[in-house]
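Q: For the record, the sequence lines run as chains A and B.
Residue numbers 1 to 208, in the numbering used here, belong to the letters of the first sequence in order.
Residue numbers 1 to 657, in the numbering used here, belong to the letters of the second sequence in order.
Because the hints were derived from the structure by calculation, they are not lab data.
As the structure is a computational prediction, the values presented were derived from the model and not from experiment.
Be aware that one or more of the hints could be misleading.
Listed next, with one range per pair, are the computed distances between beta-carbon atoms [what the hints assert, rightly or not]:
| no. | chain 1 | residue 1 | chain 2 | residue 2 | range |
| --- | --- | --- | --- | --- | --- |
| 1 | A | E159 | B | R545 | 39 to 45 angstroms |
| 2 | A | E196 | B | R545 | 55 to 61 angstroms |
| 3 | A | R27 | B | S309 | 54 to 60 angstroms |
| 4 | A | E196 | B | V551 | 53 to 59 angstroms |
| 5 | B | E421 | A | N80 | 45 to 51 angstroms |
| 6 | B | L463 | A | L156 | 31 to 37 angstroms |
| 7 | B | E633 | A | L156 | 55 to 61 angstroms |
| 8 | B | S553 | A | E196 | 56 to 62 angstroms |
| 9 | A | V34 | B | V551 | 46 to 52 angstroms |
| 10 | A | N100 | B | D199 | 51 to 57 angstroms |
Glycine residues also receive a C-beta, built at the ideal position from the N, C-alpha and C atoms.
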Amino acid sequence: MGVIVLQLFAVPEGKSGPQVIDILTKRVTSLGGVLSGSFMVDCETYTSVASLGATRSVHLLHNSETPASVFALLEAASGNKTVALVADNLFDLLMLKLSNFYQAKKQTKIESRGPRFEAGDFLVKLGSVTMGPAFKGILVEVEYQACSLPAACWDLIREFMQGFLGGCVPSTPPQYIQNRFGDMLGPIDGINQYLEQFNAFRKTTGIR
Amino acid sequence: MEDFFTNNSVCVSVEAPAENLVQEIAYDGQEVFQLPLTLSENLTKQAHKIDWIIREDDENDDDTLSATVTTEKDVEEESKKADFQTSSWPWDSVRNKLRSALTEVCVLADVLVIAKDKRYMVLDPVQQEQPDQRQLAQLFSKKRGLTAAANILLHGAERLKISQSDTARAKSNQDFHLELLRLRQSWTLKKIGNSILGDLSYKSAGSRFYQTGIFEVTKSEDPNLGLSTETTSENQPKQSMIKVTIPTELGGTSYIQVTIQKDQDILCTTNLNLLHTSLIHSDHSLDANPWTSKLEAAQNVLFCKELFSQLAREAVQLQAAIPHMVVGNQITASLFPGIQLSIHFQSSYSAGVNKRQLVSNSTSLVAKVDHNYILEHSLHQLLRQVHLNNVGQPVPHPSSAPLGPTKRRRLAGPHAYDRDELLLMTKNESILEQIIRQGQHVVLRLRTMFVIDSIAREIRDPLIISHWNVLNSPTLSCVKIIIMTHGYDTLQRTALVVHVGEKTLKCVCRDGRVLHMSYEPQELRDLILCQISQHQINAVQSLARFLGWHVASSSAHLGLGPVEPLGNASSCILSSPSGNRILSVRCGPQAAQPQVYLSTYPRHDTVKNKVLKDMRWEQLNTRYEEVRLEKIEGRNFLSRMELLMASLTCRPPMSWE
């Protein structure tokens, strides 16, 4: 129950992914972060078969922070909003049963994986995004667990993030957070941001 | 041949009597005779009687005897022929028979006439042959028959005797079955071989205790039936046909006793073997059946044994800061330093021995056994909860969901619980831990009550009112403490809420401060004293505003003056409406009463001299002088202050005109 902000960290030229993670790890630990395990967020996509009409995709995301849940996001048909569902782990099996209607696209399974740090009320996750064997980029997630309202804590989060990420953090919140600045956020909002980022990663070839 | 026939076989065809048969007798005595058969009727009747084929053979027997012996074929031919012959003149044999019959009858008539004459023929009776005199056999057969009959009768008589005279025995048999039926309504019984066994354990409710509670039901020998209906005094148990045998280790009665003690009492109570009064008496008049109390007591013993063995196992397994002690029938766990929770398993099995000990112990000092019934009940409930969890599976909604997970686990998915919450769900607390927590809460609650009550007793000036919440859990209670002054409760009320947990107190003050305190009672006491002192100052400020005085300054945590041993002093400075009086009030947590100082102006001791010419120097305040509050009339501090302020409110002095 906190505000989750995702930040893309551009990989500087000449450095590899693990090197960048190392650098960021050092910065976070110097800020007082304590390593507490690792995390993983992954996304699978299922598309509907042609017989159902217009093709829509369902994205199934798992987050190691909420190991008992599966997040299913149905892509917006034109004009509608994305439908989000938080379900138990058995939902994966349900999707297998729906293989006649929604088929999995294994090639586009994308995941973000890396170490997890706790610094007081902050949770910092440095994730390297990979799609299959290919490395796509670095995604940093910061969660401020003490507050669920972005309007109340955006400044604090920004300051904290700028402390170890430097100038790449914009002063204005990301579009997703801006749209929901006065609302209470939950785990599903973090997942939505992940989906946006993953979609952007899918579209680009090479490292972002 | 004819001789043969006439001597040995008398062919007499008897005709119908001349007398006609009486068909009916009319009501007036007249007899209505059956009319004799007409000739044709008679003839047909006779013809029906004749067996045509045999008679025909017999007629031809003399002539064709050899022929019949030799071949059947001839006989067939003969019969065919006879048939053929008879068909041509069917009445031939009839005529022959009739003629022979006539001959016979004539001869008989002649013989009878001659015999009647008695001249040539006399009829003499013939001596019948005596049959063999088999008397003995007859006797025996008669005797046998008679004995058989007699046996049947005797048997029947016996049965009647049994059913009539021995009604009591029949009833007793009936009683046994009736009682067995009643027993079966409350307890599970099985018939194994010849014996009836029952089960009084909690296995069907989910218990996994190793001890089986099997009891045996038998017919009781020699009950005093005659006495049962007459002497049913209160103390005498009702007689029953059923004898219930319970296993020896479940005999007697037992209970679990939970006490919370301070250190010094430990030595006394470990040797204590006092029996609770409920162990000795048993209210028979209430029991409909004498076996009920016996079985229930045995079941209770089993339950207590299971509970105690579970607790003992957990006590040995759990790692606590101060290890739990398990000695014999007693488990000792420490709740707080110096306070112990002890759980005894009391059993009255060897009642005789204990009674003796009871006599000797009653003279010893610690005679009062401090049962904590609530904790005992809690223990029972906790074990029952364990049983329920063993048996019951929560029904999933929707019903197609898997059966295993609990409701909370099922909700964890859709609610996106994170890892910490999931981990919390998996933690299972043992019974001993739970009862220790409850015991700690009991102690803490009692302490808090004691602290609040003692402060309320000591300090009368602001009144301390405490409201305890009605709804609370075994591990959490809340109390709202209100500090107010009598008569000025609308003016100022200081409220604080104290949440009493197991080892900590959480205090939420009205201004939003949340304080976490430990189990030491002194901390709460200090807090309340500080709150009281702040209340006094706040109340004085409100009173001042009410009376028109101005609050010149106030400070909740004063940095001036002597250092308070506890907390901080608070003070305020009030000035009168006209401005010529200044009151300074200071209140510290340890002080019994606030201190009030007054300063007035103009200074009377200003010496008019060449330097201080101006009027304004006279308007400086004098030194502060202490006001002796105890001399002022008033019920409490605030009323005295009110009186003081009211009396000090006066028109400005005219001295500076």
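Q: Provide an ascending list of the numbers of those earlier hints which the structure does not satisfy.
A: 5, 6
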